[in-house]
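There are 2 protein chains.
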Amino acid sequence: MAKHSAHEGSVGIVAPQRFCAPGEFALQCGESLDGFELVFETYGQLNAARSNAVLICHALSGNHHAAGYHAEDDAKPGWWDACIGPGKAVDTNRFFVVSPNNLGGCHGSTGPATVNPATGAVFGPAFPTVTVKDWVRSQALLADHLGIERFAVVVGGSLGGMQAMQWAIDLPERIGAAVLIAAAAKLSAQNIAFNEIARQAITSDPQYRDGHYRSANANPDMGLGLARMIGHVTYLSDFGMGQKFGRELKSGDLSAARDVEFQVESYLRHQGKSFSQRFDANTYLLMTRALDFFDPAGEWDGDLVAALEQARCDFLVLSFSTDWRFSAARSKEIVDALIAAGRNVVSAVIESAHGHDSFLLPLPRYTSVFKAFMDRLAAGAEADAEAGSGDAP
Amino acid sequence: MAKHSAHEGSVGIVAPQRFCAPGEFALQCGESLDGFELVFETYGQLNAARSNAVLICHALSGNHHAAGYHAEDDAKPGWWDACIGPGKAVDTNRFFVVSPNNLGGCHGSTGPATVNPATGAVFGPAFPTVTVKDWVRSQALLADHLGIERFAVVVGGSLGGMQAMQWAIDLPERIGAAVLIAAAAKLSAQNIAFNEIARQAITSDPQYRDGHYRSANANPDMGLGLARMIGHVTYLSDFGMGQKFGRELKSGDLSAARDVEFQVESYLRHQGKSFSQRFDANTYLLMTRALDFFDPAGEWDGDLVAALEQARCDFLVLSFSTDWRFSAARSKEIVDALIAAGRNVVSAVIESAHGHDSFLLPLPRYTSVFKAFMDRLAAGAEADAEAGSGDAP
Chain D
1 MAKHSAHEGS
11 VGIVAPQRFC
21 APGEFALQCG
31 ESLDGFELVF
41 ETYGQLNAAR
51 SNAVLICHAL
61 SGNHHAAGYH
71 AEDDAKPGWW
81 DACIGPGKAV
91 DTNRFFVVSP
101 NNLGGCHGST
111 GPATVNPATG
121 AVFGPAFPTV
131 TVKDWVRSQA
141 LLADHLGIER
151 FAVVVGGSLG
161 GMQAMQWAID
171 LPERIGAAVL
181 IAAAAKLSAQ
191 NIAFNEIARQ
201 AITSDPQYRD
211 GHYRSANANP
221 DMGLGLARMI
231 GHVTYLSDFG
241 MGQKFGRELK
251 SGDLSAARDV
261 EFQVESYLRH
271 QGKSFSQRFD
281 ANTYLLMTRA
291 LDFFDPAGEW
301 DGDLVAALEQ
311 ARCDFLVLSF
321 STDWRFSAAR
331 SKEIVDALIA
341 AGRNVVSAVI
351 ESAHGHDSFL
361 LPLPRYTSVF
371 KAFMDRLAAG
381 AEADAEAGSG
391 DAP
Chain C
1 MAKHSAHEGS
11 VGIVAPQRFC
21 APGEFALQCG
31 ESLDGFELVF
41 ETYGQLNAAR
51 SNAVLICHAL
61 SGNHHAAGYH
71 AEDDAKPGWW
81 DACIGPGKAV
91 DTNRFFVVSP
101 NNLGGCHGST
111 GPATVNPATG
121 AVFGPAFPTV
131 TVKDWVRSQA
141 LLADHLGIER
151 FAVVVGGSLG
161 GMQAMQWAID
171 LPERIGAAVL
181 IAAAAKLSAQ
191 NIAFNEIARQ
201 AITSDPQYRD
211 GHYRSANANP
221 DMGLGLARMI
231 GHVTYLSDFG
241 MGQKFGRELK
251 SGDLSAARDV
261 EFQVESYLRH
271 QGKSFSQRFD
281 ANTYLLMTRA
291 LDFFDPAGEW
301 DGDLVAALEQ
311 ARCDFLVLSF
321 STDWRFSAAR
331 SKEIVDALIA
341 AGRNVVSAVI
351 ESAHGHDSFL
361 LPLPRYTSVF
371 KAFMDRLAAG
381 AEADAEAGSG
391 DAP
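Taken in order, these protein sequences are the chains called D and C. Once you know that position 170 of the first sequence is 170 in the working numbering, the rest is easy, because the numbers rise by one and skip nothing. Once you know that position 257 of the second sequence is 257 in the working numbering, the rest is easy, because the numbers rise by one and skip nothing.
One chain only, chain D, in its complex shape (with noise of 0.2 Å):
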């Protein structure tokens, strides 16, 4: 982790590391996995007393690579630099932070492009159903791996706010905290409809194969296109768009109606084109099929008060003015259960232009609300390893 001279204010060249776990994994669904394998990244020290670990939780089309750069030349660090590092939200000098890809992945964790041990092929569209309860069960057997009985805080934005409360549910004794970033305690019908209409996308393209596409040496770019450019949509707002593109022309003249392209229009196209080349598409669908899945209050009649009342961590939970694919009134949702089942909570909502995508911007009172947060977290991980150690400071 030495800081790289190019990359000041980031935690410097990074290499995912890697966990194997053997044995039988069962699946909510009811399969399960001869063993699997994590890949997954730290940033900072674990202290001592092993109370200053944060778990990173990824969004729909995230990766272990959250901070930091993999190379000297890379032109753009984890996807997550703007709230890891020194300093930052997630302070890297004070906590221990692991960021897991998550299982069903598509860089590097066990996931449908993952051979099969027990047929020698890649699994392909044979890869099981994983939910957020499979993901949280597998990060834990990872903090086991590491030594880290207790997570200070597990964090996440979207997606990953989604594994933060499930890991608040299911294993309340081995979270401190859990940060709920513009997160959803289920989706609704309209979020469905769109991850439906991207999953159509994909498996509607001749290239998708009925998922065997790799062995064909094929790939449903356009699908999975398609798919990223109506995510992209639905995570910017029209504001966002408008100040961003309004209705500029690429080229062409509007007032005679020829040739005209428009600025969003070439925009989108690169999105779609470049994540088709770099994200696989049974991920895609595994990864959809989690969110819409996703529903802690389910096991508590639809409850979520109840659900919330097995969780025994604080909350932060954030949410983004302009953000309509996960609104601030779904977050509130989520505050009014929290309170309901009196566990103490901070939340803000945060004016912001940027929808969804917000999460991963550096917006200055998203980022001073987060890490004052973090930083209450962190005097107290340190008082614990103090306490612990005996050591004066």
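No lab work stands behind these hints, which were simulated from the structure alone. All values derive from a computational prediction rather than experimental measurement. Note that CB positions come from ideal geometry on N, CA and C, so glycine has one too. Where hints are given, some of them may not hold.
[To be verified] On the chain C side, residues computed to face chain D include the following (Cβ under 7 Å):
hint : residue
1    : GLN28
2    : CYS29
3    : THR129
4    : THR131
5    : MET222
6    : MET229
7    : ASP238
8    : PHE293
For this one, chain D is given, so just place chain C on it according to the hints.
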């Protein structure tokens, strides 16, 4: 137009008519058509003074069949039967209603599926770009043909409202009033983005065959279905979809994450499939382009007030509280510009759970405000007729 007993409250059985416009018709894009035909329907009777004509402009996927039934056993009436008929908002006992299928359409008017007289082959993707301004001019030729010098009112929802606005600007002497429902003065970047994704879905379907699907006896069912699904979700509100579908399952077991199919998923697939069987892909592309290009202020250096100062007529501007595709804020922009342009304008935001599609529904306050405005126009048209003909009531 005999009243059909099984269709109480409707205009009864109606039959489409055809209008053939011979000669060159120059389009805004610089190309021209060697004559064109419009299919249209009429409801009610044109009075002797020809003062009671109403033009109905349809939206993206609409057609000329706005009211009544084509046959005794039709399951459904025309698309706007909720608002057009005896005693309804557009009262066919008082008005003579003209409802054409737009140029470039796929329900009988000259369009991409028409044989190009110059080549003897179907136009297909070679059909020229048409704009809202082109539609206004073609509709004016239809009015000439019907002996209508001036419409008492031009009415439309969504893209239809944009046509009504363009009528008021381009042909101020030929229009007594304009009704703009759930419209906007121009599309936002987000609107254009959704249209572009729909176009990408169509053109990336291998069965689209660069637009020559008809000559190949093929059809881009998947792409057109996806386009419709995307559109459909954006025409509904999150709240309305929640009321209609919630997270109800069609099949499977959500708690076990097995074989789960949500009701909203099968509903969407049905919508996509049925649309792809009744709508032409090239027309869908053309219509979405007309939407994207609409920008009447563009001719006045982006000054909407200056554009609307060309108008002479009165306006009714209606929007719906949960419409996020063309929100109430977009209607307010029009209203503000109309007031600044010194025009008479009545406006209302109708509370509705049903998003953009609200304009098609028989919502009491909506139809009541709409009918009050129309009834005043009908009274004016009748007064004109009496003054003109000298007849006493």
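For each hint, the structure was consulted:
1. For GLN28(C), the interface hint holds, the least distance from its beta-carbon to any beta-carbon of chain D being 5 Å, beneath 7 Å.
2. Interface restraint check: CYS29(C) against chain D, minimum CB-CB distance 4 Å, threshold 7 Å, status holds.
3. Against a cut-off of 7 Å between C-beta atoms, the interface hint on THR129(C) holds, since the closest Cβ of chain D lies about 5 Å away.
4. A least Cβ separation of about 5 Å between THR131(C) and chain D falls short of the 7 Å threshold, and the interface hint therefore holds.
5. Evaluation of the MET222(C) hint against chain D yields a held restraint, the C-beta minimum of about 4 Å falling below 7 Å.
6. Given hint, MET229(C) at the interface with chain D, holds; its Cβ is 5 Å from that chain's nearest Cβ, closer than 7 Å.
7. Interface restraint check: ASP238(C) against chain D, minimum CB-CB distance 4 Å, threshold 7 Å, status holds.
8. Proximity of PHE293(C) to chain D holds as hinted, the smallest CB-CB distance being about 5 Å (cut-off 7 Å).
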